[in-house]
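Participant: For reference, the chains in residue letters:
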Amino acid sequence: MANFSKSSDVEEKEQQPQQETTATTPTPEVESELMIKHPLHNKWTLWYFENDKNKGWEENQREITSFSTVEDFWCVFNHIKQASDLRVGCDYSLFKAGIRPMWEDETNKNGGRWLISLDRKQRNSELNAFWLEILLCLIGEAFDDHSEDICGAVVNIRPKGDKIGIWTVDASRSKLDGILSIGRKIKERLGIGSDYQIVYQSHRDTASRTSSTSKNSFTL
Amino acid sequence: MSTSTQNIPIRRVLLTDDSQLPSHYSSTPGGTLYSTTPNGTRLVYDRSSLLQLRNSPLSQTPPQNVLSFPNVLVKEIRDTAPTVTPSEGADSPIKKSASESEESQFEIDL
Chain A
18 MANFSKSSDV EEKEQQPQQE TTATTPTPEV ESELMIKHPL HNKWTLWYFE
68 NDKNKGWEEN QREITSFSTV EDFWCVFNHI KQASDLRVGC DYSLFKAGIR
118 PMWEDETNKN GGRWLISLDR KQRNSELNAF WLEILLCLIG EAFDDHSEDI
168 CGAVVNIRPK GDKIGIWTVD ASRSKLDGIL SIGRKIKERL GIGSDYQIVY
218 QSHRDTASRT SSTSKNSFTL
Chain B
7 MSTSTQNIPI RRVLLTDDSQ LPSHYSSTPG GTLYSTTPNG TRLVYDRSSL
57 LQLRNSPLSQ TPPQNVLSFP NVLVKEIRDT APTVTPSEGA DSPIKKSASE
107 SEESQFEIDL
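Chains A and B supply the protein sequences, listed in that same order. Number 135 in my numbering belongs to position 118 of the first sequence; there are no gaps in the numbering. Number 116 in my numbering belongs to position 110 of the second sequence; there are no gaps in the numbering.
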């Protein structure tokens, strides 16, 4: 159902002739540590949204770069601004390569998101730590059996309070177990207690702005 | 659609040391990733392994296509004028963006 184009990952990993040759020659430990990058299970794409009113929403969504190793993730993360330093109205999104960070995408259209709503004070305290933790969950495949159901994550910088969404592929009832398992893992990794609720909404509900009491909405 | 009913089994492979990495880039710890499809291995990294790799020299270089990033996204380092000293230029060309290295090499040649 959810096709995350594994074949392109294979190609990606085989297109690394330099690493291949250095690895076959016996090298001291330090040197090999410098040479080998750690492959990720998925290739990920970073997107940046800037609210330019002269352009359409989709046009404002820019694909920045893609990576498929742990080190290349850090290269990107270490060189771009923290979420809290983005201008109000901007987003970062990290999605599996081939999935666009929008409801309309074929992989997202039946999906939904776990939503973490932060209050304004948390921009300077929790926001960056939460976002990094979510990124590490994604690239490290932290959701066990349900990692296949993950599409990506978005952080919205907004005047009334920032938001972090973790998008999954299928918001239907039949996927409830997986959705709840992902939600529990998010709360565990972020160290969020029972006093703080996160909400799951299907994109269809979000798009039509129906209330959070609709069928495909859960809280944890 | 017939494949959607089959879960991908997961075998966790926890790396504690780089020496546990296979010598070939096309293989994965604990076996080759795709040779066992459909019972493939999921590459799982826990948070401490990921955070540890943040300090690797390989994690410090600017992304290859950093020059195509929107300027507002890039941390201040690149916004400042190239102030690379000759010694830095000789020791760590890898850490600089393309434009900076051109400039500093020119100075060294003089």
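Honestly, the hints are just simulated from the structure, not real lab data. Heads up, some of the hints might be wrong.
Straight-line C-alpha distance at most 30 Å; calculated DSS-like pairs for lysine-lysine [stated by the list, open to error]:
{"no.": "1", "chain 1": "A", "residue 1": "K192", "chain 2": "A", "residue 2": "K138"}
{"no.": "2", "chain 1": "B", "residue 1": "K81", "chain 2": "A", "residue 2": "K180"}
{"no.": "3", "chain 1": "A", "residue 1": "K204", "chain 2": "A", "residue 2": "K177"}
{"no.": "4", "chain 1": "A", "residue 1": "K180", "chain 2": "A", "residue 2": "K138"}
{"no.": "5", "chain 1": "A", "residue 1": "K177", "chain 2": "B", "residue 2": "K81"}
{"no.": "6", "chain 1": "A", "residue 1": "K192", "chain 2": "B", "residue 2": "K81"}
{"no.": "7", "chain 1": "A", "residue 1": "K98", "chain 2": "A", "residue 2": "K202"}
{"no.": "8", "chain 1": "A", "residue 1": "K180", "chain 2": "A", "residue 2": "K72"}
{"no.": "9", "chain 1": "A", "residue 1": "K72", "chain 2": "A", "residue 2": "K126"}
{"no.": "10", "chain 1": "B", "residue 1": "K81", "chain 2": "A", "residue 2": "K138"}
{"no.": "11", "chain 1": "B", "residue 1": "K81", "chain 2": "A", "residue 2": "K70"}
{"no.": "12", "chain 1": "A", "residue 1": "K204", "chain 2": "A", "residue 2": "K180"}
{"no.": "13", "chain 1": "A", "residue 1": "K180", "chain 2": "A", "residue 2": "K202"}
{"no.": "14", "chain 1": "A", "residue 1": "K192", "chain 2": "A", "residue 2": "K72"}
{"no.": "15", "chain 1": "A", "residue 1": "K192", "chain 2": "A", "residue 2": "K180"}
{"no.": "16", "chain 1": "B", "residue 1": "K81", "chain 2": "A", "residue 2": "K72"}
For each label pair, taking beta carbons as the anchor points, the in silico distance ranges come out as [as the list claims (entries may be wrong)]:
{"no.": "17", "chain 1": "B", "residue 1": "V78", "chain 2": "A", "residue 2": "D136", "range": "21 to 29 Å"}
{"no.": "18", "chain 1": "A", "residue 1": "A224", "chain 2": "B", "residue 2": "S25", "range": "26 to 34 Å"}
{"no.": "19", "chain 1": "B", "residue 1": "D23", "chain 2": "A", "residue 2": "N141", "range": "32 to 40 Å"}
{"no.": "20", "chain 1": "B", "residue 1": "S25", "chain 2": "A", "residue 2": "S211", "range": "24 to 32 Å"}
{"no.": "21", "chain 1": "A", "residue 1": "R104", "chain 2": "B", "residue 2": "D23", "range": "40 to 48 Å"}
{"no.": "22", "chain 1": "B", "residue 1": "S74", "chain 2": "A", "residue 2": "T236", "range": "24 to 32 Å"}
{"no.": "23", "chain 1": "A", "residue 1": "D102", "chain 2": "B", "residue 2": "N61", "range": "38 to 46 Å"}
{"no.": "24", "chain 1": "A", "residue 1": "R137", "chain 2": "B", "residue 2": "D52", "range": "45 to 53 Å"}
{"no.": "25", "chain 1": "B", "residue 1": "V78", "chain 2": "A", "residue 2": "N141", "range": "17 to 25 Å"}
{"no.": "26", "chain 1": "A", "residue 1": "R137", "chain 2": "B", "residue 2": "R60", "range": "24 to 32 Å"}
{"no.": "27", "chain 1": "A", "residue 1": "W74", "chain 2": "B", "residue 2": "D23", "range": "44 to 52 Å"}
Glycine residues also receive a C-beta, built at the ideal position from the N, C-alpha and C atoms.
Participant: Report the numbers of all earlier hints that the structure fails to satisfy, in ascending order.
Facilitator: 1, 6, 14, 18, 20, 22, 23 and 24
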